[in-house]
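Asker: For the record, the sequence lines run as chains S and B. Quick note on this note's numbering: the first sequence kicks off at 1 and runs consecutively. Quick note on this note's numbering: the second sequence kicks off at 246 and runs consecutively.
Simulated from the structure, these hints should not be mistaken for lab results. For each residue, glycine too, the CB sits at the ideal point set by N, CA and C. Hints are supplied without guarantee of correctness; some may be wrong.
Quick look at which bits of chain S chain B covers, simulated, 3 or more residues with Cβ under 8 angstroms [to be verified]:
| no. | region |
| --- | --- |
| 1 | 50–63 |
| 2 | 89–100 |
| 3 | 176–188 |
These stretches of chain B come out as covered by chain S in the derived footprint (C-beta under 8 angstroms, 3 or more residues) [what the hints assert, rightly or not]:
| no. | region |
| --- | --- |
| 4 | 294–301 |
| 5 | 336–350 |
| 6 | 466–480 |
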Amino acid sequence: MTPRILLAVARRVLTQLRRDHRTLAMLLVLPCLLTTLLWWMFDNLSPATFDRFGPALLAMFPFIVMFLVTSVTTLRERSGGTLERLLAMPMGKLDFLLGYALAFGVVAAAQATLAVAVSVGLLDLDVRGPVWLLGLVAVADAVLGTALGLFVSAFARTEFQAVQFMPLIVFPQILLCGLFVPRAVLPDVLRAVSDVLPLSYAVDAMEHLTRTSSTGDVWRDLAVVAAFTVAGLALGAATLPRRTP
Amino acid sequence: MADIAIEVRGLTVRRGQGTVLDGLDLDIAGGVVTGLLGPSGCGKSTLLRSIVGVQRTHGGTVTVLGEPAGNAPLRSRIGYVTQDASVYDDLTVGENLRFFARVLGCADDEMQRVVTAVDLDEHRDAVVGNLSGGQRSRASLAVALLGAPDLLILDEPTVGLDPVLRRDLWKLFKQLADDGATVLVSSHVMDEAERCDRLLLMRDGAILANGTPGEIKQQGGADDIETAFLGIVERAS
């Protein structure tokens, strides 16, 4: 691993994003708008309802958005020949993967700051734990999305296919993360499945932060999310062979 | 013949159901411009990718500058241009070069040198996606020139370029070889053959002829390379 190369990749990805105003605006503004929409939906119901769904949303947005953006961008690198060129240069696989993770982590930090500010500041989401930790969990979720997106881009031939990995990889995690039915009362098999899905832990961390001020469980959840991220990056490295057929 | 820069022994490559290269043997001289000529689909790109070390092979050895192809120390010594322009369409020419220069760890003045070498000074701040096809492939070529590599592998770099520019690029390749680099250029345009120091004629995964343009013409019994190529193909079949 070479820090110079890793930083070069991260800077390049950020330059590409900066040039794409529409994507950048969607990345930053869309989570805030959708959170506000959700808050508005519950306006006529008892006020505690937004507090039940808001935290899960804060965990899900960075994950979903970064998953999509990363899988499409890295697929473009694979099919456009730039990945082959880079791997023929003194570029380590980890430089490439961590460069991407760093760039999208920076964007995720900006996205999380905005989404948390809107949720807590404007929409009165009740947070008992430290607010900065809410932001940290959101960034960890985003980096997780990036890691999984890098991995699945190896299995898609076209951008159209890459987008369809979202229902396959992301939707089951949304359904089973405890948002619709608390995980404790899921049928045994489904609960066992939800135990091995990373988003369950991300949502769990957010819920802990809104319900209690103790942070022990949050750090445990964060560790699980981080472990999934490392595993995703390791699998991603395995999908970047220098020699291809 | 000068020192051997690339030594290919028994190289076999299969892609899908077919065998593209079957036990290919080949020596390529160092410090000269070698043209790899042959029709599309004859295995030129596969051979070039094997030399760069990005092609999965199924037998045989490729030794490049004294090391097995694809070895880590070679990665900063080879400049490689793929057939499609492998640059980022959403970055400017300058941003592309700055990125690849950082990856290679070259000095900043390298960027100016290579931009001028491919005649893209005026388009340095243009986004690559807005450039013409020829300009994009020149941007891709500029990336390969970064860091003055010892070996340049160029897969059809002059396709679709204006004749004046093509002449200038061939002058550049010659200059690079005079400075000690080994240049291997593929082309399916026979009229470019005369500009090379040495030629390889390839057809159906086999090298039919390997020599100077003069030797090839003599071997094919013709005054131009295209007719000589035909003569050699007919004799081989």
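Asker: Of the numbered hints stated previously, which ones are contradicted by the structure, given in increasing order?
Answerer: 1, 3 and 6
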